[in-house]
Structures are given as structure tokens and as C-alpha cells.
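One-letter residues, chain by chain:
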Amino acid sequence: MGKKEASVRMSLQTLRVLEAFLENPTEQLAGAEVHQRCGIASGTLYPILLRLESAGWFVSQWECIDPSTAGRPRRRLYRLTSMGLRRASEVFASFNRGILA
Amino acid sequence: MSQRNERSTQPEFNGTTQWLIHHAARRTPSCLSARLEEEWLADLESRSSPASRLRFAVGCCWATIVIVNDHSRGRAVAPSPAPATKGFITLADGNFGYFSLRSGTLFLILGLQAAVFCGLIATLAHARGQVTTPRDIGMTADIRAVP
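Protein chains in written order, with the working numbering: chain A, 13 to 113; chain B, 228 to 374.
Read the hints as simulated data drawn from the structure, not as lab findings.
These numbers were taken from a predicted model, which means no experiment stands behind them.
Quick reminder that beta carbons are idealized off the backbone N, C-alpha and C, glycines included.
Take these hints with a grain of salt, some might be off.
[As the list claims (entries may be wrong)] Rough simulated footprint, nothing fancy, chain A against chain B, three-plus residues with beta-carbon under 8 Å:
no. : segment
1   : 241–252
2   : 276–285
3   : 340–351
[As the list claims (entries may be wrong)] Quick list of the computed label-pair ranges, beta carbon to beta carbon:
no. : chain 1 : residue 1 : chain 2 : residue 2 : range
4   : A       : 106       : B       : 240       : 52 to 58 Å
5   : A       : 78        : B       : 254       : 28 to 34 Å
6   : B       : 352       : A       : 36        : 56 to 62 Å
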């Protein structure tokens with residue numbers, strides 16, 4: 013997955029995912045948490061997360077826990093990159109301009 | 228009684244959802260396969276109800292199709308990557324427009340159903356028009372006139 017800056021198709025679901033991350037841009041979210049916030053089904057959610065990651069908007073890493081201690085498997089956590097934050101803000105700003113115009 | 232039945236079917240049900248996720252992840256590109264399987268199984272644990280777990284597993288099967296499609300499209304354009312214009316926001320790509328693959332499939336199915344429904348209505352209206360011809364109505368009136 014290349015980390016170069018790339019364009020991303022902006023569907024309504026993609027916007028909802030970005031909105032969930034923009035609530036607290038430094039927060040790391042697992043797919044399950046994004047589902048709880050947005051209500052997007054797994055079939056749509058994971059392709060969106062992967063697209064945004066391959067476009068360099070998100071980075072992901074494994075949760076730093078010991079599964080035996082935590083009593084659950086480690087989750088994959090996603091976080092907005094600085095470029096992703098900038099581009100996502102641009103997207104929402106452009107939508108706001110479009111609505112107000 | 229029902230709770231006991233639910234408990235007895237729970238391990239079997241978990242096995243089914245895990246099997247679905249395992250097979251869905253195996254069909255994704257090899258570079259993502261192991262990661263997605265672990266990620267999906269971990270996120271499956273956050274679902275409590277069996278129905279929710281099944282929906283999640285079926286969703287992962289759908290996600291596999293989309294990811295494979297995205298991956299193959301990405302590979303197809305890889306030899307000549309188009310540089311992203313800075314500051315330009317792409318609202319839609321050429322393949323699906325504003326709709327996702329799922330929405331496109333849904334609209335296709337709804338369209339087909341509407342077409343079949345309209346066809347049935349048109350056929351029924353045509354058949355009904357043929358059955359009740361003015362001649363038939365006249366004959367009925369003649370029969371009624373006879374004392």
C-alpha cells in the first residue's frame with residue numbers, strides 16, 4: 013500500500029468515517045469503534061478504511077496489549093495522518109462552502 | 228429453555244461466523260490476508276449478539292469482494308499512476324460515480340424488480356382488456372334482457 017498522496021472517492025459513508033475521526037483527530041480508533049460511531053456495516057467500512065490508508069489519509073497499527081492479559085485479541089487501530097487531517101478538513105470545508113453558496 | 232438452547236448453539240454459531248471470516252480473509256490479496264483475518268476476528272469479539280456477529284461476518288464477505296475489486300483496479304492503473312492534483316478533491320471516480328458498489332447493486336436489483344412489476348401490470352391490463360370486449364358486454368346485456 014503506497015503512502016503517496018492520492019485522491020479518494022468521497023461517498024457518504026466515507027464522509028461519515030472521516031467525521032468520526034475528525035471529532036478527535038489524534039484519537040486512534042478500531043474498526044469496531046468506527047462502526048459504533050457511524051453505524052456503517054462491516055462490508056462498507058473496511059474497504060473505506062483500507063482505501064483511506066492506501067491513500068495516506070490514515071495510518072494503522074496493532075494495539076499494544078497482551079491478549080492473554082486483556083482477555084481479548086489485539087485490534088487494528090487507525091489514526092488520521094497530518095495529510096489526512098488536512099485533506100479531510102478541506103473536504104468538509106468545500107462541502108460547507110457548497111451548501112452556503 | 229430458550230436461553231439454554233441459545234447457549235448450546237452459541238459455540239456452533241461462533242464457529243460459523245469465524246469460519247466465514249476466515250474464508251473471507253483468505254480470498255483477499257495475500258499481502259492483506261493475515262492482517263484482515265486478525266483484525267476482523269478481533270472486531271468480531273466486540274459484537275455480543277449472534278445476529279450482530281453474523282451480520283458482521285457476512286459483511287466481511289462483502290468487504291472481500293470490494294477489496295479484491297479495489298486491489299485489482301489499483302494494480303491495473305499501477306504502471307501509469309496519475310499524479311493527484313494538489314488541492315483537488317475527487318468526489319467520484321469513473322466506475323461507480325457517487326454510489327458505492329453496494330448501492331449500485333441495490334439500485335440494480337430494485338430496478339429489475341420495478342421492471343418486472345411494470346411488465347406484469349402491463350400484461351395483466353392487456354389481458355383484462357382482451358377478456359372484457361364491448362361484444363362480450365353486449366352479449367351480457369342481451370342475456371339480462373331475456374325475462
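How the hints compare with the structure:
no.	hint	in the structure
1	241–252	violated (count 0)
2	276–285	holds (count 3)
3	340–351	violated (count 0)
4	A:106 with B:240: 52 to 58 Å	violated (45 Å)
5	A:78 with B:254: 28 to 34 Å	holds (31 Å)
6	B:352 with A:36: 56 to 62 Å	holds (59 Å)
Violation of the numbered hints given earlier is confined to hints 1, 3 and 4; the remaining hints are satisfied by the structure.
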